[in-house]
Amino acid sequence: MIVLQDVEKYYDNGTRALKGINLTLQDGEFAFLVGPSGSGKSTILKILTAEIAPSEGRVQVNGFLLDDKLRSKKKSMMRRTLGIVFQDFRLIEKKTVYENVAFAMRVTGSPEKEIRKRVPYVLDLVGLNVDTDRRPNELSGGEQQRVAIARALVNNPSTIIADEPTGNLDPARSLETMMLLEKINQLGTTVLVVTHEQDLVQRFAKRVISLDNGRIISDGMKGYVTHEQEKAAPAE
Amino acid sequence: MNKKKPRRRSNLLYYIKEGVSSIFRYGFMSFASVVIIVACLLIMGSFLLVALNVNDLIEEAESRNHVVAFIDYSLSEEDARGLEGRILATQNVEGATFVSRRQIYEEWLERHGEEYVAGIDEEVFRHRFIIDLEDIAYMRETLPHLRHIPGVALVDAPIEMAEWFVLLRNVAAGVFVSIVGVLLVISIFIISNTIKLATFDRREEIAIMRMVGATNWFIRWPFIFQGFILGLTGAALAFGIQWGIYGILADLIMRVSGGHLIQVVSFASIADMMIMLFLGTGFVVGTIGSVIAIRNYLKV
Ligand SMILES: Nc1ncnc2c1ncn2[C@@H]1O[C@H](COP(=O)(O)OP(=O)(O)O)[C@@H](O)[C@H]1O
Ligand SMILES: [Mg+2]
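Just so you know, the sequences run in chain order V and L. Numbering that gives the first Met the number 0 numbers the first residue of the first sequence as 0 and each following residue consecutively. Numbering that gives the first Met the number 0 numbers the first residue of the second sequence as 0 and each following residue consecutively.
It cannot be assumed that every hint is accurate.
In silico DSSO-like links for lysine-lysine, alpha-carbon gap of 27 Å or less [claimed, not checked]: (1) 16/L x 116/V; (2) 68/V x 116/V; (3) 182/V x 18/V; (4) 72/V x 182/V; (5) 182/V x 16/L; (6) 195/L x 16/L; (7) 205/V x 72/V; (8) 93/V x 18/V; (9) 112/V x 72/V; (10) 16/L x 93/V; (11) 45/V x 18/V; (12) 182/V x 205/V; (13) 195/L x 93/V; (14) 94/V x 195/L; (15) 94/V x 116/V; (16) 112/V x 93/V; (17) 45/V x 94/V; (18) 45/V x 16/L; (19) 94/V x 112/V; (20) 182/V x 116/V; (21) 112/V x 195/L; (22) 45/V x 68/V; (23) 93/V x 68/V; (24) 94/V x 18/V; (25) 16/L x 72/V; (26) 16/L x 94/V; (27) 68/V x 94/V.
Simulated restraints, written as ranges between beta carbons of each label pair [said to hold, decoys possible]: (28) 12/L x 70/V: 18 to 28 Å; (29) 98/V x 50/L: 45 to 55 Å; (30) 182/V x 11/L: 35 to 45 Å; (31) 111/V x 239/L: 51 to 61 Å.
If you're looking for bench data, these hints aren't it; they were derived computationally from the structure. Note that the structure is a prediction, hence the values are computed from the model and not measured. The C-beta atom is built at its ideal place from N, Cα and C for all residues, glycine as well.
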């Protein structure tokens with residue numbers, strides 16, 4: 000479970016990126032986090048992954064309280080409950096597809112025997128039908144994102160957090176990637192996806208948390224509401 | 000309990016494997032690190048070997064720096080001999096040998112012949128003690144204590160000579176410490192730069208490790224291993240080279256001197272000490288180098 004209570008974030012340069020964020024994501028939920036560029040989406044994700052600390056408020060992620068007293072060891076343990084996916088995939092170019100996924104298990108201390116069983120399983124789960132001895136740059140964007148999702152899944156996290164996972168993909172690949180995340184959610188993993196692609200969001204009947212200028216302006220199942228639509232609405 | 004053990008071992012293997020692969024990936028820097036460690040240890044080792052070999056010579060030379068305490072004319076030989084206890088009780092005195100005026104007189108006779116000594120009475124000479132000091136560096140401080148012993152008339156000491164020896168000793172030690180110190184600092188600097196380069200090159204990999212929940216120590220250990228493998232490799236190489244060079248030199252000296260003049264300390268007799276010293280230094284240098292590198296680069 001993810002809980003943010005009255006979260007504020009000021010960056011060192013004085014930018015107030017988040018203003019009183021209250022948000023709860025139950026286990027097994029799927030939610031989109033949407034909003035225009037600069038609205039604070041990435042800031043929320045960075046707080047959830049303990050890359051940065053909130054300036055004020057309370058943040059709880061899968062049982063870990065993310066305050067500035069969080070020890071580095073605990074931080075690592077918290078991150079093992081998360082699978083993180085980025086727009087730019089962040090695969091290691093020197094490693095093969097197989098090694099990129101196995102790497103996540105190896106560096107968290109999984110025994111080799113377990114790695115050999117688990118990696119093919121998740122590669123199959125994400126529907127990657129390529130030679131796993133190939134390097135990331137020999138794959139298409141959609142395939143690379145599948146590898147990244149496989150890596151996020153391989154340590155069996157309870158939550159997947161994706162920051163613009165379809166930002167570098169064409170519409171067809173984007174839809175496939177969202178459907179893959181939906182499938183993963185149906186298998187029991189909580190999923191939080193940041194995106195600004197309205198068309199894509201509207202194809203799924205999911206919870207949409209809408210952010211603007213550091214504030215949550217809507218949160219519900221209805222679909223994507225842009226800032227412009229919000230402003231336009233009263234005039235109608 | 001038996002679930003944790005194989006995991007530990009596989010982690011250790013992982014650290015070593017990663018450390019070694021990093022060494023080969025930055026081959027030139029690793030080579031430079033090892034070369035500088037070898038140079039450092041060879042200089043250190045050579046100094047020590049020279050010191051061990053000349054130590055006997057120096058001790059021999061230093062022991063010639065006797066202090067002579069002349070005894071008052073009024074004391075009989077028996078009374079004079081009685082001062083030995085007081086002299087030996089003086090701080091920094093190691094030993095004292097009594098020489099009577101009779102012995103001195105006879106030495107003179109022997110050395111210069113009857114005619115030269117004719118007319119010189121035995122009474123002209125004083126009874127005396129030839130005194131060995133524990134440390135000639137404190138000769139100047141020891142003299143007043145000897146002079147103030149009742150019955151001691153005069154004290155003669157080669158103070159300038161002693162101070163020259165002490166100066167030589169201190170200069171040699173100073174040169175040794177500063178050369179080795181500078182080389183150690185350079186070694187640490189080069190190792191830490193090699194490792195910094197490795198951490199910088201792998202920053203994306205490190206970011207991913209963090210992201211998937213690798214612990215800080217899991218991220219750091221390979222770099223620490225990289226450092227101390229470099230250090231230990233340098234130490235092992237330096238030891239082998241030192242042994243080889245020393246063997247050749249010792250052989251040469253023994254052959255030239257016919258084995259009479261100089262007795263060379265055998266390397267085998269000090270090999271244990273040398274290898275411990277080399278490996279210890281290599282380990283410390285390698286580890287400090289990597290700790291400096293990761294302290295700057297792998298912040299929590
Ligand atoms: N490291 C930073 N230092 C200062 N300001 C930042 C930093 N990161 C983001 N910001 C600012 O915080 C606000 C929110 O940014 P971000 O969370 O990246 O938005 P989004 O992901 O929705 O585009 C923006 O005004 C941005 O300029
Ligand atoms: Mg962003």
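Hint check:
Of the supplied pair hints, the one linking residue 16/L and residue 116/V holds, its CA atoms being roughly 22 Å apart against a limit of 27 Å. As the CA atoms of residue 68/V and residue 116/V are separated by approximately 37 Å, the hinted pair breaks the 27 Å bound. Annotation: proposed proximity of residue 182/V to residue 18/V is violated, straight-line Cα distance about 33 Å (limit 27 Å). With a C-alpha separation of about 31 Å, the suggested pairing of residue 72/V with residue 182/V is violated against the 27 Å cut-off.
Proximity of residue 182/V to residue 16/L is assessed by CA-CA distance (about 38 Å); at most 27 Å being required, the pair is judged violated. Between residue 195/L and residue 16/L the alpha-carbon distance is near 18 Å, which keeps this suggested pair within the 27 Å criterion. For the suggested pair residue 205/V and residue 72/V, the alpha carbons sit about 34 Å apart, so the restraint of at most 27 Å is broken. A C-alpha spacing of about 41 Å is found between residue 93/V and residue 18/V, which places the hinted pair above 27 Å, so the restraint is violated.
Taken as a hint, the residue 112/V and residue 72/V pair is honoured in the structure, with Cα atoms around 25 Å apart against an allowance of 27 Å. Restraint check for residue 16/L and residue 93/V: the C-alpha separation of about 17 Å stays at or below 27 Å, so the hint holds. Annotation: proposed proximity of residue 45/V to residue 18/V holds, straight-line Cα distance about 15 Å (limit 27 Å). Straight-line distance between C-alpha atoms of residue 182/V and residue 205/V comes to about 13 Å, which keeps the hinted pair within the 27 Å bound.
Between residue 195/L and residue 93/V the CA atoms are separated by roughly 20 Å; this keeps the pair inside 27 Å, and the hint holds. For a cut-off of 27 Å, the pair hint linking residue 94/V to residue 195/L stands: about 21 Å separates their Cα positions. For the suggested pair residue 94/V and residue 116/V, the alpha carbons sit about 19 Å apart, so the restraint of at most 27 Å is met. Between residue 112/V and residue 93/V, the direct Cα distance comes to roughly 23 Å. Compliance with the 27 Å bound is thereby established for this hinted pair.
Annotation: proposed proximity of residue 45/V to residue 94/V holds, straight-line Cα distance about 26 Å (limit 27 Å). As the CA atoms of residue 45/V and residue 16/L are separated by approximately 32 Å, the hinted pair breaks the 27 Å bound. The suggested pairing of residue 94/V with residue 112/V holds, with an alpha-carbon distance near 20 Å, which does not exceed 27 Å. Taken as a hint, the residue 182/V and residue 116/V pair is honoured in the structure, with Cα atoms around 21 Å apart against an allowance of 27 Å.
This hinted pair does not check out: residue 112/V and residue 195/L have alpha carbons roughly 33 Å apart, beyond 27 Å. As the CA atoms of residue 45/V and residue 68/V are separated by approximately 17 Å, the hinted pair is consistent with the 27 Å bound. With a C-alpha separation of about 36 Å, the suggested pairing of residue 93/V with residue 68/V is violated against the 27 Å cut-off. Distance hint between residue 94/V and residue 18/V is unfulfilled; the C-alpha atoms sit about 41 Å from each other, more than 27 Å.
With a C-alpha separation of about 23 Å, the suggested pair residue 16/L and residue 72/V falls inside the 27 Å cut-off, and the hint holds. Taking the CA atoms of residue 16/L and residue 94/V, the gap is about 16 Å. The hint holds against a cut of 27 Å. Proximity of residue 68/V to residue 94/V is assessed by CA-CA distance (about 35 Å); at most 27 Å being required, the pair is judged violated. Checked against the hint of 18 to 28 Å, the C-beta distance between residue 12/L and residue 70/V comes to roughly 27 Å, which is consistent with it.
For the pair residue 98/V and residue 50/L, the supplied restraint of 45 to 55 Å holds, since their beta-carbon distance comes to about 53 Å. For the pair residue 182/V and residue 11/L, the supplied restraint of 35 to 45 Å holds, since their beta-carbon distance comes to about 39 Å. Here the CB-CB span from residue 111/V to residue 239/L is close to 36 Å, at odds with the stated 51 to 61 Å.
In this structure, the earlier hints numbered 2, 3, 4, 5, 7, 8, 18, 21, 23, 24, 27 and 31 are contradicted, and the remaining ones agree with it.
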